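I would like the entire structure built from these sequences, with the hints used as guidance.
Mature numbering (1 follows the signal peptide of the UniProt record, and there is no 0) puts the sequence shown at residues -23 to -1, 1 to 962.
What the hints contain is simulated information worked out from the structure, not anything from laboratory work. Bear in mind the structure is a predicted one, so any value in this text is a computation, not a measurement. Just so you know, not all the hints are guaranteed correct.
Taking CB as the label site, the calculated pair distances span [unchecked claim]: (1) Met75 with Met226: 34 to 40 angstroms; (2) Asp169 with Ile595: 39 to 45 angstroms; (3) Glu308 with Gly273: 24 to 30 angstroms; (4) Met635 with His588: 26 to 32 angstroms; (5) Val143 with Leu31: 37 to 43 angstroms; (6) Lys325 with Asp169: 35 to 41 angstroms; (7) Met226 with Gly552: 58 to 64 angstroms; (8) Thr577 with Tyr260: 54 to 60 angstroms; (9) Thr301 with Gly188: 28 to 34 angstroms.
Pairs of lysine-lysine, DSS-like flavour, derived with a Cα cap of 27 angstroms [as the list claims (entries may be wrong)]: (10) Lys342 with Lys324; (11) Lys358 with Lys325; (12) Lys151 with Lys98; (13) Lys335 with Lys375; (14) Lys98 with Lys180; (15) Lys667 with Lys602; (16) Lys164 with Lys191; (17) Lys474 with Lys542; (18) Lys161 with Lys98; (19) Lys98 with Lys24; (20) Lys474 with Lys400; (21) Lys148 with Lys180; (22) Lys108 with Lys191; (23) Lys373 with Lys341; (24) Lys375 with Lys358; (25) Lys218 with Lys108; (26) Lys400 with Lys375; (27) Lys667 with Lys750; (28) Lys335 with Lys324; (29) Lys180 with Lys191; (30) Lys400 with Lys373; (31) Lys341 with Lys474; (32) Lys341 with Lys375; (33) Lys335 with Lys358; (34) Lys174 with Lys164; (35) Lys180 with Lys218; (36) Lys151 with Lys180; (37) Lys474 with Lys375; (38) Lys531 with Lys573; (39) Lys342 with Lys375; (40) Lys148 with Lys164.
C-beta atoms are modelled at their ideal positions from N, C-alpha and C, and glycine is treated no differently.
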Amino acid sequence: MAEDWPILLNLLLVVLSFSDSSAEPCPSPCTCLTGLDDMRVMECNRKRLSSAPLDVPAEVTQVSLNHNELTLLPSLGDISPNITSLSLIHNRISEVSMHQLQPYVSLESLDLTSNSISELKVGSFPSMQLKYLNLSNNRISILEAGCFENISSSLLVLKLNRNRLVTLPSKVFKLPQLQFLEMKRNKIKVVDSLTFKGMDSLKSLKLQRNGITKLMDGAFFGLNNIEELELEHNNLTEVNKGWLYGLRMLRVLGISQNAINIIRSDAWEFCQNLEELDLSFNYITRLEETVFIGLGLLESLNLGDNSISHLGEGVFASLRSVRTLDIRNNEISWAIEDSIGVFEGMKKLNTLILQRNKIKSITKKAFEGPRNLSTCEDLSKNEIMSIHPEALSHVKLKMFILNTSSLLCDCHMQWLASWLTDKPFQQSVSAVCAHPATLLGQSVLDISPDHFVCDDFPKPHITVHPETSVALRGNNVTLSCVASSSSDSPMTTAWRKDGEVLYDAEVQNYARYQDTELIYTTVLHLLNVNFTDEGRYQCVVSNHFGSNYSNRAKLTVNEMPSFLKTPMDLTIRTGTMARLECAAEGHPSPQIAWRKDGGTDFPAARERRMHVMPDDDIFFIANVKTEDMGVYSCTAQNAAGSLSANATLTVLETPSFMRPLEDRTVARGETAVLQCIAGGSPAPRLNWTKDDGPLVLTERHFFAAYTCIMSNTLGTERGHIFLSVSPSPNCETGVAYDQDGWTTVGIVVIVVVCCVVGTSLVWVIVIYHMRRKNEDYSITNTDEINLPADIPSYLSSQGTLSEPPEGYSNSEAGSHQQLMPPLSNGYVHKGTDAGTGPLVICSDCYDNANIYSRTREYCQYAYLGEDDAVDKSHKTGFTGRAQHNDSVLLHSAKDTLECLHSSMTETAPHAERTPALSWTVSVALHFYLTLFSNLKHSCSLWRTCECMFFSHGFCLGLKQDMNMFKCSSFFPHFSGEAFLDITGT
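Here you go:
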């Protein structure tokens, strides 16, 4: 629009020339005309004037002094303030001066085209309301920053075409109201960043034919409202988003006639409102799949006259608004011949120009997508041999231009004649047959449908397609393709990778005849494959009658994972952070996975203490605990395989008590268990001390302060338990006797012995009579008692007591003997019930004390029920087993009595010992022993014992109570209870 101002001015002068002349004379040699709205124009063109005419009429507002010899800006005297338009085209003016323009206070348009101005300095223009300024075709090489400052608030159009500008200072264009800027045909090579900042109102910028080679990033930043950018006829080589940054309102971009060969995939990020794009006459050879992403509003795309031979699959899919697509004079025949649907997604396309693209055949999917296609211009300059019947069936063409003399007129082309007859394309279509020979040179419109037959197939037909394969890096891969043809025309093959021809590939070709067919085999060898060999491979077989394309075979190259970083064993304290690294490479990139102890159960994950960075190689465990300890496996896996590496995480923890230590108080004679449960990693070592000294086993005095010491590599922890021993209420009678106590004991023993001697006589008589009357319960002599081979008898044939061998003790069941360690004060007896209660040593009763199990109400064996072993033995008779039990029972009684005997004679050091007392005790014990030998099958004892000596069901003790014997089972003539009263008196 800006460049139309001179034309409009001349038209205005023509109109004015037909108007009536003013009454006031016009200065010679000029012509004064009256225009519309009574505007007066003074025209003095081509008059060779060196100065402005004088006496210009006052009504004149527009002056034209073109093609004269003015060297300075003219002065028009008093009418200068009225002048709104001044045209000084093609003069000799060499500078623009402020004082020369000062009188033109109303000037809006100044045209200084084709003068000799070489520079614009600061202050060249006075403050004025200038809107249009044309400085084209001068010699301007310098633009000082701020040279347009005084007219910046009003200037709308600025033209600097055909000057000598080389650089553009960044602050030279501070023109906030400027809308049109032209700088065509200068010598600008580089446009720096922010050059046009401050031109917020600019709508059109034209920089054609400058030889621009580089546009810096942000070169047009600040042009927030620009709609048109013309960069034709420069030397740009690349389109990227850097120099297009900020052009969000751009609608028209012309970059034809450059040297562009690369279009970045993100180039249009800031130009998504673009409607018209001209990329014609460049060096573009490839259009990748993402090259037009972001141009959803584009309506016109010109790609003509490039060298495009590769179109990425779906390259035009994002151009859903394009109505006109020009791809003339390229090499995209394979995109049309191969059924890939190259125009898929272009739903609004109505004009498609494909002339001069070396297209030989149009397949079924060639125009799939643009269902609104109405003009297909121009297919005339392509040697088309075949067109698939369904290629044009879905489009509603209004114009179709086809000009070919190479058609293969077989049965597959029969449809074309009838289709052309039904369409108004007879004048724009020229379709002539080249095969078969009988139809050579004839138009399809002149051939009868019966003559379109398929007697042969001269065009190659692919019978074996290459197969998709997966290979490891470094291996060799072979792809094969087989085609056949009925023609003798030599066949040629080409292998393509991702749509591009492989010129240096290692290919082997074989040809052979089979019957009347020519079989052609081509083999592609890929040696030592690498990741760059990945892609889709396709073979193309061609001859004189056309080409055929095989299916695409995808080759995937994999590489086993290999570790770049392997996790290392780690030892760490609790509460800190564990850091394990693992990185691997391979193809495809391996996935990294972590496992703990062979599973996926991570305590740290459940507690949200585990962190894995998706884009990092580090595995974190925060606030490490002992349960995090284990073997961690890093597994790298891809399609080629997997690889694992292990690392052991050891968590160290200072020793600690799992349970608090508590002081203990136990009764004397009981068993005390002191527990010290330790925790820590590594497992702490435990040690006990007593009163801060070594722990020494003693027979007495267990009360003390016990210390549990636990230690590992991280430290030592101590805990204390104080053990208190209280006197046992059940053994007070035998714990400590004073001098008077021993005297009392002696008297009691004498009385007991006397009673025993008297009662023994009675029992002997009773037993004698019972044996005579009851033959079933005859008693075997003690000498005839049979004992098991492994149980020695400690009774002589006369019934006297012999000492057992040292180290032997009766077992829990009484049926065998076991080796026992000798004790300083006697040997150990345990109950027949195998009791597990704490052991109490009545060590103050007598020296040869027995240890017994304090269960079943303290003296379990004080009561023998009717179902006890002794009673059962009586009921079953005097068998061998009964005899065995008798022996053991007798031995037990003997042990008990001997304990009593020794205690009476040895454990009262301060008591008076008399021969009579010793004799009495000995006699009493002898009789009592004899009595037990005879009563071993007769009685069961039923009584309560407190402090006593106990063995195998018999209990003998001192108690100031009644001792009651129940003897009914084996005394049929005697029933009732016999009481033996042993008192302390």
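In ascending order, which of the hints set out earlier in this document are inconsistent with the structure? Going through the list in order, the structure violates hints 15, 17, 19, 20, 22, 25, 27, 37, 38 and respects the others.
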